[in-house]
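Number of protein chains: 2
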Amino acid sequence: MKYKHILVALDLSDESKTLIDRAVFLANLLDAEVSFSHIDVSHGDLSMGLLDLNLSQNQQLLDGETMSTHRVFMEYAQCPVKHFIIGSGDLSEQLRDTVLEYKVDLVICGHHQDFWSKIISSSRQVIHSSPADILVVPIET
Amino acid sequence: MKYKHILVALDLSDESKTLIDRAVFLANLLDAEVSFSHIDVSHGDLSMGLLDLNLSQNQQLLDGETMSTHRVFMEYAQCPVKHFIIGSGDLSEQLRDTVLEYKVDLVICGHHQDFWSKIISSSRQVIHSSPADILVVPIET
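Line order of the protein sequences matches chains A and B.
Quick note on full-length UniProt numbering: the first sequence kicks off at 1 and runs consecutively.
Quick note on full-length UniProt numbering: the second sequence kicks off at 1 and runs consecutively.
The hints are simulated quantities; they were obtained by calculation from the structure and are not laboratory data.
Some hints here could point you the wrong way.
In this list, chains with the same sequence are indistinguishable; a pair is considered to hold if it fits within one copy or across any two.
List of simulated lysine-lysine pairs, DSSO-like, C-alpha gap at most 27 Å [as the list claims (entries may be wrong)]:
1. 82 x 17
2. 2 x 103
3. 82 x 103
4. 82 x 2
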């Protein structure tokens with residue numbers, strides 16, 4: 001299985017950098033493309049659809065602070081980031097749509113092994129919805 | 001993250017071969033070792049501990065039919081299989097013990113995307129217990 005397009009599901013915390021490290025390592029090894037995704041689940045069911053922040057017309061939709069937060073992760077990667085997909089609403093739906101629309105074949109997401117995340121684990125939602133392989137990376141909390 | 005020891009969590013169904021394909025591909029790429037694991041969850045809490053089938057003294061503990069089922073998967077791999085760990089009882093506990101005892105840094109497991117597995121998903125148990133990265137591969141059902 002030679003992955004061609006790796007999507008990193010970021011929550012924009014510092015731990016997201018661990019996921020980027022995995023993606024960059026595998027992408028270099030496999031000559032794959034890397035994209036980022038951040039789904040803002042705090043808006044619940046309010047979905048604005050998927051936007052690619054790498055398209056200049058979409059950058060105007062975000063305030064300066066949000067854009068600079070996203071840029072920190074792009075710069076950290078030190079590799080080309082093909083798409084930076086943002087969305088809001090249901091994580092599993094948005095992620096499945098991203099995988100299909102952008103032809104992703106590997107998703108990398110984090111998994112917090114603390115008590116609360118056993119109850120509201122987003123990695124579980126992701127796994128149930130993704131038609132692509134998923135690499136789950138344990139995040140120390 | 002250069003994985004050194006990849007463990008494939010087999011359920012001994014034909015779909016397990018998809019997982020072996022992933023493992024062999026990544027192992028060749030990373031010069032990693034491959035081991036197999038089969039935890040028989042049908043015995044519930046009855047745990048016999050972990051046995052390595054590659055040790056000849058353990059092979060005598062299994063009947064001929066069970067051994068030949070396991071051999072089919074070893075032969076399919078067409079690469080050296082360092083350990084074939086078998087156990088019974090609680091999947092998540094046995095898997096966590098295997099990861100720690102055999103210094104596994106990547107577990108590959110399947111995920112059935114049908115209705116029933118949403119209820120009793122073993123991949124979920126595996127994720128909550130593994131200190132290693134986990135590659136979850138969707139299995140069509």
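Comparing the hints with the structure gives:
1. 82 x 17: within (17 Å within a copy, 32 Å between copies)
2. 2 x 103: both (13 Å within a copy, 25 Å between copies)
3. 82 x 103: Within. Shortest intra-copy distance 12 Å satisfies the 27 Å Cα cut-off; inter-copy 35 Å does not.
4. 82 x 2: both (18 Å within a copy, 24 Å between copies)
When held up to the earlier numbered hints, the structure conflicts with none and fits them all.
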